[in-house]
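Colleague: Take the given structure of chain P and dock chain W to it, following the hints.
Residue numbers (my numbering), protein chains in the order written: chain P, 17 to 199; chain W, -8 to 156.
Calculated from the structure, these hints are not laboratory results.
Mixed in with the good hints, there may be bad ones.
[Stated by the list, open to error] Calculated lysine-lysine pairs in the DSS-like style (CA-CA distance at most 27 angstroms, straight line):
#1 W:Lys11 - P:Lys45
#2 P:Lys145 - W:Lys19
#3 P:Lys145 - W:Lys11
#4 W:Lys142 - W:Lys153
#5 P:Lys145 - P:Lys45
#6 P:Lys69 - P:Lys45
#7 P:Lys150 - W:Lys19
#8 P:Lys45 - P:Lys74
#9 P:Lys140 - P:Lys45
#10 P:Lys105 - W:Lys153
#11 W:Lys36 - P:Lys45
#12 P:Lys105 - P:Lys74
#13 W:Lys36 - P:Lys145
#14 W:Lys142 - P:Lys45
#15 P:Lys165 - W:Lys(-5)
#16 P:Lys140 - W:Lys51
#17 P:Lys150 - W:Lys11
#18 P:Lys165 - P:Lys105
#19 P:Lys140 - P:Lys150
#20 W:Lys(-5) - P:Lys190
#21 W:Lys11 - P:Lys69
#22 P:Lys140 - W:Lys36
#23 P:Lys140 - W:Lys141
#24 W:Lys153 - P:Lys150
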Amino acid sequence: MSDYDFDRLNVLLAEDSPFIRSLLINSLKVLGVGNVYALEHGGDAINFLQQVKNEPMKVGVQQIDIVISNWDMSPVDGMMFLRWVRRHKDSPDRFVPFVMITSYTEPERVLQAREMGVTEMLAKPFTIKNIGEKLTSIIERPRQFVHTKDYFGPDRRRQRVNISGPDRRVLNDKSEGVEVIRG
Amino acid sequence: MANKPVIVRFYRFQNRLREKTAGLGGGKAAISEEALEAAQQALSKMSEDYPDWVSGLIAKLQEQHGRCVDTPEDRRDCFEAINHMAHDMKGQGGTFGYPLITAFADSLYGFTSGSSDFADNRVELVKSHIDSMRAVIRGRVSGDGGEIGKKLTDSLNDAIEKYSS
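Chain P on its own, in the form it takes in the complex (with noise of 0.2 angstroms):
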């Protein structure tokens, strides 16, 4: 088995407490995380990822791999920052993999994210060890995205279930109205 190189990885983290952003900051670098961007809160995250799409030499990074954002913050908190990322046409990446960071860990909250297409939660107080398992989900177990009249987002199941008898689902690959878009 060999060790992940996180060293051409980019993250964007959005986090208003200073104290927390500085210890992310730091955990990432010491997993080897080659380039972590910092911002204050969702607001200059969106700026940040416009200019991203605009003028990368500029910023001098040219995609963002993940995005870590905590969820309480203002003016702009993580859950407009989400749906930002998800469905604004000046997105540069509605796919990118987004944690959000939150001390809200009820399920209804979680839901809440769930269905504006956020890819993993991390529970606060979180240690390395959460923080690795959320990297390792999404470099290992990646999940198709899903785009119906209202939701867009990683696929909801998680899940991989083995049938055993017919396949009894009203919609699969080959249905009508089922477009499998590959790349």
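Modeller: Below, chain W without anything else, positioned relative to chain P:
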């Protein structure tokens, strides 16, 4: 033939992130154990600095409170500054083992948010919060603080009741 309406689109991409971090070979890979260990140590080290960091913020809160007393005409600005600091503090106490800091900061944040009442009573209430937080840090009251924690919480609640009426 007319195009059928699309009900759902699936996007399936090559795993470029894996290629970027684990190479094109496709062999098994994981985060290096040494890196995990080093990062956990760095995190623990920083957590130890947390009480000092909070002490710094409490001192700044104290300054703002002093300004409220000395120059009542500045109270709006002071309350805004206090509100901002309280927000910073409430988000992280729990992460570093001081949930009482989070609870007290949350309370301070709550009553300084969007209020236009800057009466002397409110200024006193700010003081009560600062005193409670200082007691938590001075006594290194981590976790729920047991008996001491309960006493601190009760006395802050008493103050809230006294100055809110």
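Colleague: Please name the hints from earlier in the document that this structure breaks, with their numbers sorted from lowest to highest.
Modeller: 10, 14 and 24
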